[in-house]
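Residue-level listing of the chains:
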Amino acid sequence: MGRVIARDLRLAFRAGGGFGLGLAFYLILTVLVPFGVGPAGAELARIAPGILWVGALLACLLSLDRLFALDREDGALDLLATAPVPLEGVALGKAVAHWLTTGLPLSLAAPGLGVLLNLPWPGHLWLGLSLLLGTPALSLIGAFGAALTVGLKRGGLLLSLLVLPLYVPTLIFGADVARRGAEGMALGAPLALLAAVSAGCLALLPFAAAGALRINLR
Amino acid sequence: MNAPPLVLDGVAVARGGVPVLEGVTVRADPGTALILRGPNGAGKTTLLRTIAGLQAPIAGEIAPGPDQVAYGAHADGMKGGLTVAENLAFWAGIHGTGGIGEALDAFGLARLSERAAQHLSAGQARRLGLARLLLTGRPVWLLDEPTVSLDAEGVGLFGQVVRAHLGRGGIAAIATHVDLGIAGVPLDLAGFRARSVPAEGALAWDV
Numbered sequence: 001m002g003r004v005i006a007r008d009l010r011l012a013f014r015a016g017g018g019f020g021l022g023l024a025f026y027l028i029l030t031v032l033v034p035f036g037v038g039p040a041g042a043e044l045a046r047i048a049p050g051i052l053w054v055g056a057l058l059a060c061l062l063s064l065d066r067l068f069a070l071d072r073e074d075g076a077l078d079l080l081a082t083a084p085v086p087l088e089g090v091a092l093g094k095a096v097a098h099w100l101t102t103g104l105p106l107s108l109a110a111p112g113l114g115v116l117l118n119l120p121w122p123g124h125l126w127l128g129l130s131l132l133l134g135t136p137a138l139s140l141i142g143a144f145g146a147a148l149t150v151g152l153k154r155g156g157l158l159l160s161l162l163v164l165p166l167y168v169p170t171l172i173f174g175a176d177v178a179r180r181g182a183e184g185m186a187l188g189a190p191l192a193l194l195a196a197v198s199a200g201c202l203a204l205l206p207f208a209a210a211g212a213l214r215i216n217l218r
Numbered sequence: 001m002n003a004p005p006l007v008l009d010g011v012a013v014a015r016g017g018v019p020v021l022e023g024v025t026v027r028a029d030p031g032t033a034l035i036l037r038g039p040n041g042a043g044k045t046t047l048l049r050t051i052a053g054l055q056a057p058i059a060g061e062i063a064p065g066p067d068q069v070a071y072g073a074h075a076d077g078m079k080g081g082l083t084v085a086e087n088l089a090f091w092a093g094i095h096g097t098g099g100i101g102e103a104l105d106a107f108g109l110a111r112l113s114e115r116a117a118q119h120l121s122a123g124q125a126r127r128l129g130l131a132r133l134l135l136t137g138r139p140v141w142l143l144d145e146p147t148v149s150l151d152a153e154g155v156g157l158f159g160q161v162v163r164a165h166l167g168r169g170g171i172a173a174i175a176t177h178v179d180l181g182i183a184g185v186p187l188d189l190a191g192f193r194a195r196s197v198p199a200e201g202a203l204a205w206d207v
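Chains as they are written, first to last, in the UniProt record's numbering: chain A, 1 to 218; chain B, 1 to 207.
No lab work stands behind these hints: they were computed from the structure. Don't take every hint at face value.
[Said to hold, decoys possible] Per the computed footprint, the stretches of chain A lying under chain B, defined by three or more beta-carbons under 8 angstroms from a beta-carbon of chain B, are:
#1 7-15
#2 63-76
#3 122-130
Please read these numbers as outputs of a predicted model, since none were measured by experiment. For glycine and all other residues, C-beta sits at the position ideal for the given N, C-alpha and C.
Could you build the full structure based on these sequences and the hints that come with them?
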């Protein structure tokens, strides 16, 4: 599993595009919002947690369709399936590599981008923390969706339709943590639920993704 | 290498839910090569994928299990963004086998080892894909049209590697249209074409 992570990270850095693309998309989206909504500070501050969370969701989605598709096209997936490594570990490794190249940089950039949307002060920290806790779930759910659609030509669109509804709980609790943090309210409950969603995804979805891959490889 | 024989007993395989072969019964002892012949669409690739464990046979028994089998397909899973050495090191790590030096030398890739795989010629890339087989450490090699885009020298190197593998007591099942200079048991798949087509819709869920 470590080898799969290391290989995917190396490929992401070499190819260049995969690593920076999601981050650049996130930045542009955040910059565009004030143009659309208007520069009124109070209004922006109110919608900032939601916008930053939805933006992170979409940025995660950008690179998902290539998660297994590239390995499928060049035959690596067939060879990994016949190699003496569990396919569950491969699926988890690819999800971890996806998180390291998208979720982690997004979480680290989000507090800075919060400034652009006039997010009130303690909210920056909570936004970053909620993304750190929530984006692993996004990568894991995405890996499951990518495994389901791996055999399809132009499966990317179907992948979005499958995965975005599954992102709803993560989005609700994550944005709630950031909003409550910004308003100085108690946020223990949504934070615990967000962590629970991620932990549940981590426990279950590698198995689901491996099952979907096995069916699609036939 | 102490390999069990490759035994197919009444194997039937399907492609896309349609049976293509049935009743395939053959045995290859350690040290022998099985040469699969048949026209395009005869089911050579489907049979090899079934032996590799990538799909289940619709009938019959296959021994040994997929953990003894190395599958060399058309698509060899090499990443263009990684160097030759990095690609091979990845697969050596996955299979828990040792160094890649022997595999590089066997296919004349040593001086290309720092080259990115995307900058290799088609024949060099093919040799890289075949070098992976040596790193699997598995006794049964399944080779699907292994010599496509290889030049005469490449075919010669490949023949040497396969003969060495057979000499170590390995087994190879090779689907090919060209003469590789490897003595082997021919298996003409035209004789096993599936005749019975089961009721519509039954197969997709039975496999």
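Unsatisfied constraints (hint numbers, rising): 3
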